[in-house]
Amino acid sequence: MSKVSNILEIAGLHARIADGREILKGIDLVAKPGEVHAVMGPNGAGKSTLSSVLVGKPGYEVTQGSVLYQGRDLLELAADERAREGIFLAFQYPVEIPGVNNIYFLRAALNAMRKHRGEAELDAAQFLKVVKEKLKLLDVGEDLMKRSVNVGFSGGEKKRNEIFQMAVLEPKLAILDETDSGLDIDALRAVANGVNRLRDPGRAIVMITHYQRLLDYIEPDFVHVLSDGKIVASGDKSLATELEQRGYAHLGSAA
Amino acid sequence: MRTREDVAPFLDAFHAIGIGDNEPSWLTTHRSTAMERFAELGVPGRDLEAWRFTDLRLLTANPIVPVAVASGAFDATALEPYKLPARAHRLVLVNGRFEPALSQIGELPPGAWIGSTAEALTTRPELVRQVGLDSVDTTGAQAFMSLNAGLFTDGFILALEPGVALETPVEILHFADASDANAFHMRNAIVLGASATASVVETFAGSGSGWTNTVTKIQLAESARLRHVKIQVEAPEAFHISMLRASLAARAAYEVFTATLGARLSRQDMQIDLEGEGADLALHGTYLLRGDQEATLAPFVNHRVQNCHTSEVLKGVLDERAHGVFLGLITVSPGADGTEAHQLNRNLLLSPNARVDTKPELEIYADDVKCSHGATVGDLDEASLFYLLARGIEPATARHMLIEAFVGDLVETAGLEGALAEHARKHISTWFDRPEAA
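Residue numbers (the working numbering), protein chains in the order written: chain A, 140 to 394; chain B, 37 to 474.
A hint or two may mislead.
Unchecked claim - Think about it this way: if two alpha-carbon atoms lie no more than 20 Å apart in a straight line, the pair counts; the simulated DMTMM-like pairs of lysine to aspartate or glutamate are: (1) K285(A) <-> D445(B); (2) K297(A) <-> E448(B); (3) K297(A) <-> D323(A); (4) K285(A) <-> E448(B); (5) K196(A) <-> D417(B); (6) K285(A) <-> E453(B).
What the hints assert, rightly or not - Pairwise CB distance ranges, derived in the manner of DEER restraints: (7) K254(A) <-> F468(B): 15 to 23 Å; (8) A44(B) <-> Y243(A): 55 to 63 Å; (9) E376(B) <-> E358(A): 56 to 64 Å; (10) E376(B) <-> G321(A): 51 to 59 Å; (11) G451(B) <-> Y356(A): 28 to 36 Å; (12) G451(B) <-> G280(A): 27 to 35 Å.
To be verified - Partial chain B-side listing against chain A, Cβ under 10 Å, derived: (13) V269; (14) A271; (15) G428; (16) I429; (17) A441; (18) G444.
No lab work stands behind these hints: they were computed from the structure. Quantities reported herein were computed from a predicted structural model and do not represent experimental measurements. Backbone N, C-alpha and C fix where the C-beta goes; we use that ideal spot for every residue, glycine too.
Next up, chain A with everything else stripped away, as it sits in the complex (with noise of 0.2 Å):
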């Protein structure tokens, strides 16, 4: 039975892609409010599977397991419901979408999340008020937000912009899909910074990531090891630190 208490609940989740090659081959972790877990492996392990299953990207099937949301079957819902209960991913790749304005697509996307929870919808003027407080609080620059959705935005400006979105869609579940890869150091640090300032008690995060690097950052309470489509290690941020002296082989075959 699961407790309505955990965020998510992965069990025996084996998923494949459509050509029907199986990626996932039995995972399972919980995530509880105010944790931030963090999920590494070598390319090819599973990981960007793994997300993409979680918010419900095409092209992908579940065989075997379940994933339960607050107590409820995810699977069952599309991407743009789980999105509007509250899922969030930061993708790894942002998507330019040339002629939609920035500031445009995310007042929809607040709103549908509003009007999803019976709550009023912001008109442009009160939702400008949002957009000003969360752009103090990341330290984003307003010129972002009138241009088209990433359309010549830097790599950093990129991440950064899905941490914006982050912070202003104030998600349950938010998954970072290699929010780190392609940054320099100096935007690693701005992102993370946005991270940190967004964590919060009611909240789970996690960060799929391939490197250690990330987090020296954005502090993990957990580090599972994926592998082969399984987790084969768990343990708390000292895992990475050992994960980082001794390689993914090492933990690969200890399993």
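Dock chain B against the given chain A, drawing on the hints supplied.
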């Protein structure tokens, strides 16, 4: 060889309804000549390359001929949604005829004339000569143009003398009030003298299964500048055929924006000649179609002299069983060096049954030119769609946002501003009012 069968109903109509009874005799002669030419040409068939993709069967199965309707009981409030949201020199044509009571031409600067074609024929013979209405144009084997020359009842004329800058836009509102099938043949002209400037907005709307067939001649003298917006939002059962012929003298600029949302079958031909050095053409357009709508856009541009520019961007959105056709041709004549011409046609196919035929062509007979052409046909971008869904936006809204983004930037790149931009955006957005088919 064509038979006269397909043209017979039109010839009968020409004789029966007594068009031109009170006109100058030269015009009666011209009309007869034009009808003879039409009878020779017949209704264009799919064996003609330029008409290969256009399915005229609906129009030819039951030929639509002009029928005299008593005017009077027209409800003027029907025009409201189509009026430009700004002050304008407004000329209203209902069922192909100028309606002075519904029009509001207002005060014009000296050297400007706006009025109906019918009026010009009787009161302004020198203007009629100037805009070339006194000759029958039978070049280019354009059957519907000849038919128009034979059957036209009215239209509009805008003429500006050199140096006249018309600040207030000219608005031409064509309304078809056709509960029964009827045909409206209109002949228009825009003639701008050297350095004259004007904006003309034409809006075609109405109800019923009428057939609108317009011919518009445009002459821009040296350094004249014309902005021309055409919004076609006719009834879903209507037919719309239009031919535009423009000639640009040195440094003249013609900026045309066209949006096609209405009519069951529409075809818009443009023949634009850049005849003076440094002439500049910017053509932006969009067609948004669903159901069984078919629309053809056929701009033919001829760079006859050096250092002229053409920039064309046409975007189509096709849903359900709609069919879009783009036939674009840019010809660069021998010696027209320094030509810069770009042509792009992009299409979004939203349904497996929607179809597009696109033929962007360049014919270049000069050496020193910068030309490009291209066409794309595709569905909405999956990655963009998922990004919006992953933020909680509902699928229908997400699709709407992406389609609107696809066509929306055209209004901006066309340089439309103020009331003209608002007018274009408003009518484009009506496409989204109807729910998408499942």
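Can you give the numbers of the hints that this structure goes against, from lowest to highest? 2, 10, 11, 13, 14
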